[in-house]
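S.K.: Residue numbers (our numbering), protein chains in the order written: chain A, 523 to 811; chain B, 1497 to 1754.
Quick caveat, the hints were computed from the structure, so don't treat them as lab data. Mixed in with the good hints, there may be bad ones.
What the hints assert, rightly or not - Quick partial rundown of chain B residues pointing at chain A, CB under 7 Å, derived from the structure:
#1 1509
#2 1565
#3 1566
#4 1568
#5 1572
#6 1587
#7 1601
#8 1603
#9 1608
#10 1610
As the structure is a computational prediction, the values presented were derived from the model and not from experiment. Just so it is clear, CB atoms sit at the ideal spot from N, CA and C, and this is done for glycine as well.
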Amino acid sequence: MSAYFLHLAILGGIYIILAISLNLIIGYAGQVSLGHAAFFGIGAYISALTSLYWGFPFLLAALSAILFSGVCGLLLGLPTLRLKEDYLAIVTLGFGVIVDLVFLNLEITGGPDGLAGIPSPRILGLSFRSPVMYLFLTLFMVLLTLALTYRLVHSYHGRALRAIRDHEVTAQVMGINTPAYKVAIFTLAAALAGLAGSLYAHYITFINPESFGLHTSILALCMVVLGGMGSIAGAVVGALALTVLPELLRSFKAYQDLIYGGLLVALLIWRPEGLLGRGKLSLKFISRE
Amino acid sequence: MTLLAVNELSKYFGGVKAVDGVSFGVDHGEIVGLIGPNGAGKTTCFNLISGLLTPTRGSVSLLGHSLGGLAPYYRSRRGLARTFQNIQLFGGMDVLENVLTGCHQRQEIGAFRALWPGRGVRRAETRAEERARELLALVGLAERADFPADALAYGEQRRLEIARALAQEPRLLMLDEPAAGLNSRETEDLMTLLQELRERGITLLIIEHDMTLIMGLCHRVVVLDHGQVIAAGPPSEIRRDPRVIEAYLGREEDDGDL
């Protein structure tokens, strides 16, 4: 396996976690979030800072990242999830921009220079410095995320979330505590994005605000939309496709964004539900256990 | 014993008094019809009772406990279920899942335990599914369980909504114009279903314009006009009540104005 392939596989794995978490909000609960990269960034910075300053081992740093991102998701979700779609879009967009500015201006986050020298993970004396080992670590986390979300969307919670997406008022009349569900799913999604951020920080070992701006939020959104909203397999495919595609388009550097945008527009015209959108055959045989 | 008590309920939208001091009660096992001309405030009443609207004044209580300030999902847990005049199914789900959604609050499995695969969780889900299938059989949709909900015929969608509401195991089931848009055969089927529910002792509050259905089914009828109760009593009396006839047909001297 070439080093280049390994690099793409690891990044792909990290983006899979990010896309799955965003898909919980958008595809399953039917809410909008345009600032998901903020949680990705919070996870990355918390993980980096706790290991750099307090010498946290990787697992503890990752756990801190998950918890802290989750709490941020909870605090953002509590007051804002009563808002309707377009307002929620604006609030999450604003949150993403604010968090990015905080990373850029705080002293402890290193401002625009970011943080360097983030240690590679070491678990039970086992070093994950080599890309092969890191790929294993990433795959393990991806599987964990997949298992959790699979259980979630196939339990009665998944049904409740889809009910909220289809008809919020009717869901309430059915006895579904819609505000609690929305806040819970937002918190969980933020926590998972924090995990992705932690993996990212300890892999690249250098982070700066650039990686967590609006661009990344939109990228995650594209992964969800491309793969298909409300489909776990879709989020995986979307994340992998948008990790590999930019690399394939690298030789057309100047036109990269143009081709990228063109592909998305084409997709929205001919396949608005995404590659593996819900209700399609491809999803049916996966979801039927 | 009084199950539902509606007391001096009012809802004003600006200067419009949609519901104005409405009081009535529904007893256990009773079938009560809520009728009145279009715009009389019937659906607004339903929305106030189920908690989708906050009343300007007045109260609603179930089994003697006030429902004031409770969100719709808590009222559902207390035993209120309803259907909608314009059908509101979960279009992204199949028929069975729609009914299972109605079972939501009767989950025996805790929120976190539901995430852990295990025999208990699977068994609870199987039981819920069996119940849902029974309800589908009751409303005559057993063969449609795997259909997408929005692929059903109109009359079937109405019955699916009833099955979904029954899955909540309500003390009181409120039906908002269940016969609206149905052809005469579908209305007959609905009649049979509602009679079946009556025999099972389910308490019903029904808004309906189909007088055959109301007169044939209800123990008692409450008539609304301009947001106020103008008459209440058994169907035989209501039918002859001059105020009711006036509300529906208008007074003779009014005819000239139109």
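S.K.: Indicate, hint by hint, whether the structure satisfies it.
M.R.: Verification of the supplied hints:
Because the beta carbon of residue 1509 of chain B sits about 18 Å from the nearest beta carbon in chain A, more than 7 Å, this interface hint is broken. Contact between residue 1565 of chain B and chain A, as hinted, is not supported at the beta carbon level, the nearest pair being about 15 Å apart and thus beyond 7 Å. Interface hint at residue 1566 of chain B: violated, since its Cβ lies 11 Å from the closest Cβ of chain A, which is beyond the 7 Å cut-off. Hint on residue 1568 of chain B holds. Least Cβ distance to chain A is approximately 4 Å, under the 7 Å limit.
At its closest, the beta carbon of residue 1572 of chain B sits 4 Å from a beta carbon of chain A; the interface hint therefore holds under the 7 Å criterion. Hint on residue 1587 of chain B holds. Least Cβ distance to chain A is approximately 6 Å, under the 7 Å limit. Hint on residue 1601 of chain B holds. Least Cβ distance to chain A is approximately 3 Å, under the 7 Å limit. Interface hint at residue 1603 of chain B: satisfied, since its Cβ lies 6 Å from the closest Cβ of chain A, which is below the 7 Å cut-off.
Residue-level restraint check for residue 1608 of chain B is violated (minimum Cβ-Cβ distance to chain A is 10 Å; threshold 7 Å). A cut of 7 Å between beta carbons decides the hint on residue 1610 of chain B: the least distance to chain A is about 4 Å, and the hint holds.
The structure fails to meet hints 1, 2, 3, 9 from the earlier list, while all remaining hints are met.
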